[in-house]
Amino acid sequence: MTLRDQGFRYCLSPDRTHSRWLHPNELKVTHSDWMDVTDTPTDELVALICWQDKPLPHGEAECLAVQESLPL
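Anchor point for the sequence shown: position 19 equals 19 in the working numbering, and the numbering is continuous, going up by one each time.
Note that these hints are calculated values from the structure, not bench results. For clarity, every value in this text was computed on a predicted model and none was experimentally measured. A virtual CB, placed ideally from N, CA and C, is assigned to each residue, including glycine. One should not assume that every hint holds.
[As the list claims (entries may be wrong)] Derived lysine to any residue pairs resembling SDA-like cross-links, with alpha carbons at most 20 angstroms apart: (1) K28 / L12; (2) K28 / H18; (3) K28 / E44; (4) K28 / A65; (5) K28 / P14; (6) K28 / R16; (7) K28 / A61; (8) K28 / R9.
[Unchecked claim] Label-pair ranges, simulated between beta-carbon atoms: (9) M1 / E26: 17 to 25 angstroms; (10) G7 / A61: 14 to 22 angstroms; (11) T30 / T2: 16 to 24 angstroms; (12) Q6 / A61: 25 to 33 angstroms.
Make the full structure from the sequences, and use the hints.
Below, the structure written as structure tokens:
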């Protein structure tokens, strides 16, 4: 059973530099300002993460590898 199947939500931090799976209670209580992107299409998620042409902290090559591994 996946985290999504268990009710967890995939979320981005307000500054869009961190992302993680959060339990709904944790999302409400300690991360209420995070964006729930669980159901966001891949191309929209990439646009959110790479907003204003800001590179991700780990580099372009790693970013592309992650993007290619995301399910469509």
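Status of the hints after comparison with the structure:
1. A threshold of 20 angstroms between alpha carbons decides the hint, and for K28 with L12 the separation of about 14 angstroms falls inside it, so the pair holds.
2. Our distance criterion of 20 angstroms between C-alpha atoms is met by K28 and H18, whose separation comes to about 17 angstroms.
3. Simply put, K28 and E44 have alpha-carbon atoms about 24 angstroms apart, too far for the 20 angstroms limit, and the pair is violated.
4. Distance restraint check for K28 and A65: the Cα-Cα separation of roughly 31 angstroms exceeds the 20 angstroms cut-off, and the hinted pair is therefore not satisfied.
5. Our distance criterion of 20 angstroms between C-alpha atoms is met by K28 and P14, whose separation comes to about 14 angstroms.
6. Of the supplied pair hints, the one linking K28 and R16 holds, its CA atoms being roughly 18 angstroms apart against a limit of 20 angstroms.
7. Taking the CA atoms of K28 and A61, the gap is near 34 angstroms; set against the 20 angstroms cutoff, the hint is violated.
8. Distance restraint check for K28 and R9: the Cα-Cα separation of roughly 11 angstroms lies within the 20 angstroms cut-off, and the hinted pair is therefore satisfied.
9. Separation of M1 from E26 is about 18 angstroms and conforms to the stated range, judged on CB atoms against 17 to 25 angstroms.
10. Look at G7 against A61: about 34 angstroms separates their beta carbons, and that is not inside 14 to 22 angstroms.
11. Between T30 and T2, the C-beta spacing of about 22 angstroms keeps the proposed range 16 to 24 angstroms intact.
12. Taking the beta carbon of each, Q6 and A61 are about 32 angstroms apart, inside 25 to 33 angstroms as hinted.
Checked against the numbered hints given earlier, this structure breaks hints 3, 4, 7, 10; the rest are met.
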